[in-house]
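Line by line, the protein sequences are chains A and B. All residue numbers for the first sequence refer to my numbering, where the first residue is 1 and numbers rise by one. All residue numbers for the second sequence refer to my numbering, where the first residue is 1 and numbers rise by one.
Derived from the structure by calculation, the hints contain no laboratory data. Just so you know, these numbers come straight off a predicted model, no measurement behind them. We put the CB at the ideal spot given by N, CA and C, even for glycine. Each hint should be verified, as a subset may be incorrect.
[To be verified] Output of the computed footprint for chain B on chain A, the stretches with three or more beta carbons under 8 Å from beta carbons of chain B:
1) 61-69
2) 219-228
3) 247-255
[As the list claims (entries may be wrong)] Dumping the calculated DSS-like pairs for lysine-lysine here, alpha-carbon to alpha-carbon at most 30 Å:
4) A:LYS40 <-> B:LYS279
5) A:LYS40 <-> B:LYS275
6) B:LYS69 <-> A:LYS40
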Amino acid sequence: MSRTRRPHWLALWGALLALAFLSPYVVMILGSLRTSTDVKTTPPSLLPRVWQWNTYATVLGDGRFPHWLTTSLLVSTGATIIVILISIPAAYITSRFRFPGRTAFLLLVLITQMFAPTSLVVGLYREFFELNMINTYGALILTNAAFNLAFAIWILHGFFSSIPTEVEEAATLDGLGRFGTLRRIMLPLTLPGLVTATIFTFIAAWNEYVVALTLMIDDAKKPLTVGFRTYVTGYEQHWDQLFAASVIAVVPVVVLFAVIEKHLVGGLTAGSVK
Amino acid sequence: MTQVATKAPAAVPPTRRRGRYSGVGRTHPLVALGWLAPALTLIVGVVLYPAIMLFQASRSRYSITGLRKGEAGWTNYAHVLTHPDLVVVLKNTLIWVVAVVVLTVLISLALAQLLVKDFPGRRVVRWAIIVPWAASLVITSQLFVLLYDYNYGLFNHVLMKIGLLSTPIDFLGDDRFTMASMVVVGVFVSLPFTIFVFIAGLNAIPDDVLEAAEVDGASPWQRWRAIILPLLRPALLVATVLNTIYVFNSFPIIYTLNDRNPGFTHDTTITFMYKLAFKSQEKDVGMSAAAGVINVLLILVVVAVYLKIVNWREETR
Numbered sequence: 001m002s003r004t005r006r007p008h009w010l011a012l013w014g015a016l017l018a019l020a021f022l023s024p025y026v027v028m029i030l031g032s033l034r035t036s037t038d039v040k041t042t043p044p045s046l047l048p049r050v051w052q053w054n055t056y057a058t059v060l061g062d063g064r065f066p067h068w069l070t071t072s073l074l075v076s077t078g079a080t081i082i083v084i085l086i087s088i089p090a091a092y093i094t095s096r097f098r099f100p101g102r103t104a105f106l107l108l109v110l111i112t113q114m115f116a117p118t119s120l121v122v123g124l125y126r127e128f129f130e131l132n133m134i135n136t137y138g139a140l141i142l143t144n145a146a147f148n149l150a151f152a153i154w155i156l157h158g159f160f161s162s163i164p165t166e167v168e169e170a171a172t173l174d175g176l177g178r179f180g181t182l183r184r185i186m187l188p189l190t191l192p193g194l195v196t197a198t199i200f201t202f203i204a205a206w207n208e209y210v211v212a213l214t215l216m217i218d219d220a221k222k223p224l225t226v227g228f229r230t231y232v233t234g235y236e237q238h239w240d241q242l243f244a245a246s247v248i249a250v251v252p253v254v255v256l257f258a259v260i261e262k263h264l265v266g267g268l269t270a271g272s273v274k
Numbered sequence: 001m002t003q004v005a006t007k008a009p010a011a012v013p014p015t016r017r018r019g020r021y022s023g024v025g026r027t028h029p030l031v032a033l034g035w036l037a038p039a040l041t042l043i044v045g046v047v048l049y050p051a052i053m054l055f056q057a058s059r060s061r062y063s064i065t066g067l068r069k070g071e072a073g074w075t076n077y078a079h080v081l082t083h084p085d086l087v088v089v090l091k092n093t094l095i096w097v098v099a100v101v102v103l104t105v106l107i108s109l110a111l112a113q114l115l116v117k118d119f120p121g122r123r124v125v126r127w128a129i130i131v132p133w134a135a136s137l138v139i140t141s142q143l144f145v146l147l148y149d150y151n152y153g154l155f156n157h158v159l160m161k162i163g164l165l166s167t168p169i170d171f172l173g174d175d176r177f178t179m180a181s182m183v184v185v186g187v188f189v190s191l192p193f194t195i196f197v198f199i200a201g202l203n204a205i206p207d208d209v210l211e212a213a214e215v216d217g218a219s220p221w222q223r224w225r226a227i228i229l230p231l232l233r234p235a236l237l238v239a240t241v242l243n244t245i246y247v248f249n250s251f252p253i254i255y256t257l258n259d260r261n262p263g264f265t266h267d268t269t270i271t272f273m274y275k276l277a278f279k280s281q282e283k284d285v286g287m288s289a290a291a292g293v294i295n296v297l298l299i300l301v302v303v304a305v306y307l308k309i310v311n312w313r314e315e316t317r
């Protein structure tokens, strides 16, 4: 897009926009620094009446929190790795070669995209119950991988298709086989697509709720999204701890995003290789 | 489908005229199967198989504790389809999906327009925008429950302070406001992903096209309407289809914000299904499974009709 002549006006709009998106989370951070009873007072105050700095230490020192964090990291990372490893060959072969069943496979992927784990939760529960996989990380990893696979294949398929075939032909002339061409030539060119699929899968798995709620009964094996809820129940209301835990949970995702954001922007539409 | 490159048929360079799939090879189906096997295994094992299990469950009778007690034929479907609250639930689903998707796409279009421009601090603004996407939906919903609160909520407090309200509004308890309050949260969390889809789409528009239009004397509105919008078509398609799927299947927002209200007055088909199995008087797994099957069919039909309308085949070649 062309450069604008008045960047300072835009910077002001940008700052207001950032503030609008962040404001609920500022309330969340402030909430983690007040006492639990201070969260519910009339009239509400924006700033804590008493600053309570040890909430984060309490949460991190709580025996359960490290378990929840481990589950979330394990499940999200595992699912993301599986999705990337599986979607690459599928996207490559369907974008570069024609064979009977290709259209059927792409249609199957499109249909898979429309299934959400939430709507299949009863079926998933029954399957993993029969496989004796209730309360296992494997069940959550497989579920998250399966339901994010379609998006990754879509994105990568578009990417591979946009790379000029001449690039590949040259590689073949140089004596690289199909696998070598994919690894040495195609993958580096699709880096933005891989990054997009990675962040998308990671966030989806990190925030998945309903399946984890149903499958992970053991308190120590719950992921963060489910574990959180035990802070505020009918019996005890530790709003401060809930908020502190939430702040900690957002950090890994925002860091991951900040590191790879540059590539993401190119990745959401199959990028043009110039 | 996600390709942004324009595919004007007349513009195919002569060097590429080597048959229909120039430069694209053919391969034996068994070889291809080798490359597809891991994906197929995962899809069949963890998406299709549970779908079959769900279907089986929908044709079974269950005790209130979730034990299977035998065949039920189609009675679970009959119970769902004759459920007194079904019409309300379907109406809520329609309002929810249409309102959230339309508002999200419109607002994202405008904001993406701003965020592709160069200005100091643009990267930081982009990082800030990611947060509602990165934060767990359960947590964001819980946060909004507090912000909306009748007694302790900041929204009421601020609106009264600046004189827009004289008495607080019960955003999540008053039937006139509940759906609108939920839609606000739905749009808020859907914006980040959609904005980034549009940023990517806008970035893919070549500068020289816009410059040519400017030289030809097109006004900013004409340029947007006649050049940018048509070239954004693939991004619009992706944003609309994916958002429709996600918003339709969205669970935590409605489940959390609507937690206080009894019955199904503000439920969509997804929370309706969940409550049938775990939270209602019925506690009926079979009926819930039937509702789940109906859900899947519903979204399949909606997306298929949409793709048909926008002629999806054109985009995939």
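Hints, one by one, checked against the model:
| no. | hint | result |
| --- | --- | --- |
| 1 | 61-69 | violated (count 0) |
| 2 | 219-228 | holds (count 3) |
| 3 | 247-255 | holds (count 4) |
| 4 | A:LYS40 <-> B:LYS279 | holds, 27 Å |
| 5 | A:LYS40 <-> B:LYS275 | holds, 28 Å |
| 6 | B:LYS69 <-> A:LYS40 | violated, 47 Å |
Consistency note: the structure conflicts with the earlier hints numbered 1 and 6.
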